[in-house]
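Protein chains: 2
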Amino acid sequence: IYERLLEVFPTSGRHWLAYANQYVADNDKKKAIEVLKRGLPHCPHVDLWRSYLTHFTSVTMQSTKDNSEVLKAFERAVDAVGQDISSNSLWSEYIAFLRSCKVSNQYENTQRMNQLRRAYHRCLQVPMHSVDKLWTEYEQWEKTLDPNNLQMAEQIIRDLEPKHKAARVAYKERKKLRDAVQNPQFPGPYTGENKEKQNLKAWQELISFERSNPQKMPSEDLRKRVAFTFNQCLSYLPLYPEIWYEAGNWHGEIGDLSGEIKTLEKGILMIPNSLLLHFALAEKHEMRGNITEAKNVYENLCELQPSPLVFIHYMRFARRSESVQAARTIFKKARKSAQGCSWHVYCDAALREYYSNKDAQVARNIFEMGLKHYSCEVEFVLQYLDFLASFNDDNNTRVVFEKVLADENSLDRQQALLIWDRFVDFEYSRGDLSAIHKLEQRRAMIYPERQGSQSLAQLACRFRFSNLWPCSSIERDLLGIQ
Amino acid sequence: IYERLLEVFPTSGRHWLAYANQYVADNDKKKAIEVLKRGLPHCPHVDLWRSYLTHFTSVTMQSTKDNSEVLKAFERAVDAVGQDISSNSLWSEYIAFLRSCKVSNQYENTQRMNQLRRAYHRCLQVPMHSVDKLWTEYEQWEKTLDPNNLQMAEQIIRDLEPKHKAARVAYKERKKLRDAVQNPQFPGPYTGENKEKQNLKAWQELISFERSNPQKMPSEDLRKRVAFTFNQCLSYLPLYPEIWYEAGNWHGEIGDLSGEIKTLEKGILMIPNSLLLHFALAEKHEMRGNITEAKNVYENLCELQPSPLVFIHYMRFARRSESVQAARTIFKKARKSAQGCSWHVYCDAALREYYSNKDAQVARNIFEMGLKHYSCEVEFVLQYLDFLASFNDDNNTRVVFEKVLADENSLDRQQALLIWDRFVDFEYSRGDLSAIHKLEQRRAMIYPERQGSQSLAQLACRFRFSNLWPCSSIERDLLGIQ
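Protein chains in written order, with the UniProt record's numbering: chain A, 1 to 482; chain B, 1 to 482.
FYI, nobody ran anything at the bench for these hints, they're computed from the structure.
Note that the structure is predicted; figures quoted are calculated from it, not measured.
Ideal placement from N, C-alpha and C gives every residue a C-beta, glycine not left out.
Heads up, a few of these hints could be off.
Claimed, not checked - Label-pair ranges, simulated between beta-carbon atoms:
no., chain 1, residue 1, chain 2, residue 2, range
1, A, E408, B, E408, 51 to 59 Å
2, A, N467, B, K216, 47 to 55 Å
3, A, K224, B, E408, 40 to 48 Å
4, B, G480, A, Q414, 30 to 38 Å
5, B, Y447, A, G255, 26 to 34 Å
6, B, K216, A, M369, 54 to 62 Å
7, A, R464, B, Q339, 15 to 23 Å
Claimed, not checked - In silico lysine to any residue, SDA-like type, Cα no more than 20 Å apart, as pairs:
no., chain 1, residue 1, chain 2, residue 2
8, A, K284, B, Q441
9, A, K195, B, S472
10, B, K358, A, V399
11, B, K358, B, V324
12, A, K284, B, K438
13, B, K358, A, R398
14, A, K197, B, S472
15, A, K358, B, N396
16, B, K438, A, N249
17, A, K133, A, S86
18, A, K403, A, Q361
19, A, K197, A, E242
20, A, K358, B, R430
21, A, K284, A, G252
22, B, K438, A, G252
23, A, K266, A, D256
24, A, K29, A, D66
25, A, K358, B, S390
26, B, K29, B, H55
27, A, K284, B, A457
28, B, K72, B, R99
29, B, K358, A, D393
30, A, K31, A, S58
31, A, K284, B, Q454
32, B, K295, A, D432
33, B, K262, A, Q454
34, A, K165, A, D221
35, A, K358, B, Y428
36, B, K358, A, N392
37, A, K438, B, G252
38, A, K201, B, Q454
39, A, K358, B, D432
40, B, K201, A, Q454
Modelling step: build the complete structure from the supplied sequences, incorporating the hints.
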């Protein structure tokens, strides 16, 4: 059960822990350690690391009595999650272990002392729970190290103090923001619940806070802190494209271009059906001039999840970065694709020929070609008609209006009404009085349930201009015009 | 008080009656008759006529004993309101008066008998209250006229019966419709109350019923019935342009073109500030080819109630019926008019040059001229930009976008945002990737409270096409996109 669950939710730390604890209960600590080891790369969670260290220490010390392996494990742990607000217990355990290490000579003693001081100095700059208690403990330790050299101890403490103070100040805000974050049962996708929305926002606020560098850390420390925060957030919300995109952008902003790409690629691995992340990746590649890579993204999309929108953006990309001919080839491919074709593709291809290539005739041909398949798509028909009307070629526009309205089989009554209304509007702005009246009458014949062509409401519509009406709003109410 | 009130509401029958009754109370019947005589042309109301007849009969018979004047008055009364559903009392009084007339010879007797029969025959075809009782009375009268010629009497009755039956059938529906009509205290304008709306509808239903000719009357009788119904309705709702327009159209439909025009002119006299009725009249004139008359309507409007909409339609009319030059002259006049000018006039003049005259350069010049005065009218600016964009001349369009956005003094922040959004949409469909990103960034700089240019929401908008989104609606909700 855990294997299957963790395949779906590899970042669910609590389930890795529960899985490992099953083996612990069976007294098979080695298996437990194996399980935890698999989970650790996915989950920057303090609890998971602490559990791992407990079992690893006990197994290792039992077999070899060599503490160097354990120390290395502790180092890996504090590297991974030593920035966590709850990492104080981990740090305490690390320090306790260091203190407990037997030393056999002066050299080893100095080495251990340096290790301890480094650990203290690192953790005392982390805004975490009970960091003030650790400070007291550290002061005492530093001062009692060499009673003959109290002055130096005080100097060291004094040098560290401002950085520690900054951490304590940052802790207050960090705690508030961290407390606002909820850890859901499963790291699932957004399902529309308000709770989830608030949780995402809470995470984003925490990330913003860390990125604002409240402790004024050097850039490398800041980078680590932000990276840790993103990673932890992504372990809880791995199916939220927002965070992947934000993390990618952050990499880009600090100049880590390959990190930017890798983050988006990891996001796509987690949420393979997210068009947003695919488009984001393709766009990044294209902006950096990596046309081949961008093209690969689009090719993959066309292969694995073809859709009209995918083909539309692939066509646009090809036109921008290759040639008109390349775009047309993709349009051809789209037309043959069962899931990748719709009126949208025809419409965009046509408009692109007109806008980018300034070729109105090709655009018209594409619209006409599309009309053969999509004369029942009122949105497509309206786009075509608007396109024609923008040419100021009234007679051609009228021909298409009439053609579309004459085709009895295509549009249903209510959709056809949209075309009629557009046609009447067209004549209001282009036609003469008798053309307008004739058209109003034709429409009224087909839709007798609407205002009659002889009604005052119809007159009011005819003489309206934009927000100017030939009557007051109260009169419009009486006439039944919105 | 009554004089002033009746000047405002000349069709308020109940106030004419109350006014006259004041004189009656003072025993000044002649004055009362004068007052009633003034009211009668405005009010086709049975009560008013009956009151008039009562006083007129008593005064006339007192002075001259000549009943011919009274009979003439009765004839005028039944001509005016003899179709009313409540006219039964009037008819009864008429018949009673006829019966009471002394005759001195056989010739006079025959004449009186014919008059009586004509009155009976007319009123028995009116769907009015108690018409069945009048029928019984008539049958008796006809049969007792000449006991020796009962056969002929029965023949006359039999000939009349189908028409009378039709009236009785129509009466049921007519009563229902007439009962639905409320007579308000004052014949005022529509003020937005539901009651008023229902009352208008009730009148329109009654009119429709009469126009449907339920009694299958000859066309002249039908015309009289419908005209009476319109007149009565207009005495109760004289400030409702709907009814004037409907009455005008009805005249037109039965071929009474001068009646159509006269009705609209009367309506304009009643509601001088109704643009709808003015436009309706101008349109009728123009449709009939009476260009001079149509022009007069527009000239009067420009003189007495100039407004942008008036000038817009005057310009359109001039272009249709005179020349481009005439339209331009009116545009010039509009520009100098304080109340008649607004961005709408510039916009319509420009579009008309483009659509009708196919002169894009003149259109551009007009838009540019308008921009000097109306750069703070976002709707105008957007119309201009849409016009430019439709030319497919991207660089010129961009120049105007930039010019408008650079003008700090004109648009307020929220209006300028509409221009920014339109500009970004424009680049989405025309620009290359870096132009799009740059523009998004510029907008985000000015409107930091909106989605950032680096946000996933912005990416989603960028990759949207019509109703196709690169994410589900639930994700859009999370991204805060409508």
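Evaluation of the provided hints:
1. A:E408 x B:E408: 51 to 59 Å: holds, 56 Å
2. A:N467 x B:K216: 47 to 55 Å: The hinted range 47 to 55 Å holds for N467 of chain A and K216 of chain B, with Cβ atoms some 48 Å apart.
3. A:K224 x B:E408: 40 to 48 Å: Given range 40 to 48 Å: holds, Cβ gap about 44 Å.
4. B:G480 x A:Q414: 30 to 38 Å: Between G480 of chain B and Q414 of chain A, where Cβ atoms are some 32 Å apart, the hint holds.
5. B:Y447 x A:G255: 26 to 34 Å: Between Y447 of chain B and G255 of chain A, where Cβ atoms are some 27 Å apart, the hint holds.
6. B:K216 x A:M369: 54 to 62 Å: holds, 58 Å
7. A:R464 x B:Q339: 15 to 23 Å: 19 Å Cβ-Cβ, so the 15 to 23 Å window holds.
8. A:K284 x B:Q441: OK: K284 of chain A and Q441 of chain B at ~16 Å, within 20 Å.
9. A:K195 x B:S472: Answer holds: K195 of chain A to S472 of chain B is near 19 Å, not above 20 Å.
10. B:K358 x A:V399: holds, 19 Å
11. B:K358 x B:V324: Answer holds: K358 of chain B to V324 of chain B is near 11 Å, not above 20 Å.
12. A:K284 x B:K438: holds, 14 Å
13. B:K358 x A:R398: Roughly 17 Å separates the two Cα atoms, so the pair holds.
14. A:K197 x B:S472: Distance ~15 Å between K197 of chain A and S472 of chain B Cα, so the pair holds.
15. A:K358 x B:N396: holds, 15 Å
16. B:K438 x A:N249: holds, 16 Å
17. A:K133 x A:S86: Holds, at roughly 14 Å.
18. A:K403 x A:Q361: holds, 19 Å
19. A:K197 x A:E242: holds, 12 Å
20. A:K358 x B:R430: With Cα atoms ~11 Å apart, K358 of chain A and R430 of chain B stay inside 20 Å; holds.
21. A:K284 x A:G252: holds, 9 Å
22. B:K438 x A:G252: holds, 16 Å
23. A:K266 x A:D256: Given pair K266 of chain A, D256 of chain A holds - Cα atoms ~15 Å apart, limit 20 Å.
24. A:K29 x A:D66: holds, 18 Å
25. A:K358 x B:S390: holds, 12 Å
26. B:K29 x B:H55: With a Cα-Cα distance of about 6 Å, the restraint between K29 of chain B and H55 of chain B holds, given a limit of 20 Å.
27. A:K284 x B:A457: holds, 16 Å
28. B:K72 x B:R99: Distance ~15 Å between K72 of chain B and R99 of chain B Cα, so the pair holds.
29. B:K358 x A:D393: Distance of about 9 Å is within 20 Å: holds.
30. A:K31 x A:S58: holds, 14 Å
31. A:K284 x B:Q454: At roughly 12 Å apart (the allowed maximum being 20 Å), Q454 of chain B and K284 of chain A satisfy the hint.
32. B:K295 x A:D432: holds, 16 Å
33. B:K262 x A:Q454: holds, 18 Å
34. A:K165 x A:D221: Holds - the C-alpha atoms of D221 of chain A and K165 of chain A are around 17 Å apart, at most 20 Å.
35. A:K358 x B:Y428: holds, 16 Å
36. B:K358 x A:N392: Given pair K358 of chain B, N392 of chain A holds - Cα atoms ~7 Å apart, limit 20 Å.
37. A:K438 x B:G252: Status holds; Cα separation ~16 Å.
38. A:K201 x B:Q454: With a Cα-Cα distance of about 16 Å, the restraint between K201 of chain A and Q454 of chain B holds, given a limit of 20 Å.
39. A:K358 x B:D432: holds, 15 Å
40. B:K201 x A:Q454: holds, 16 Å
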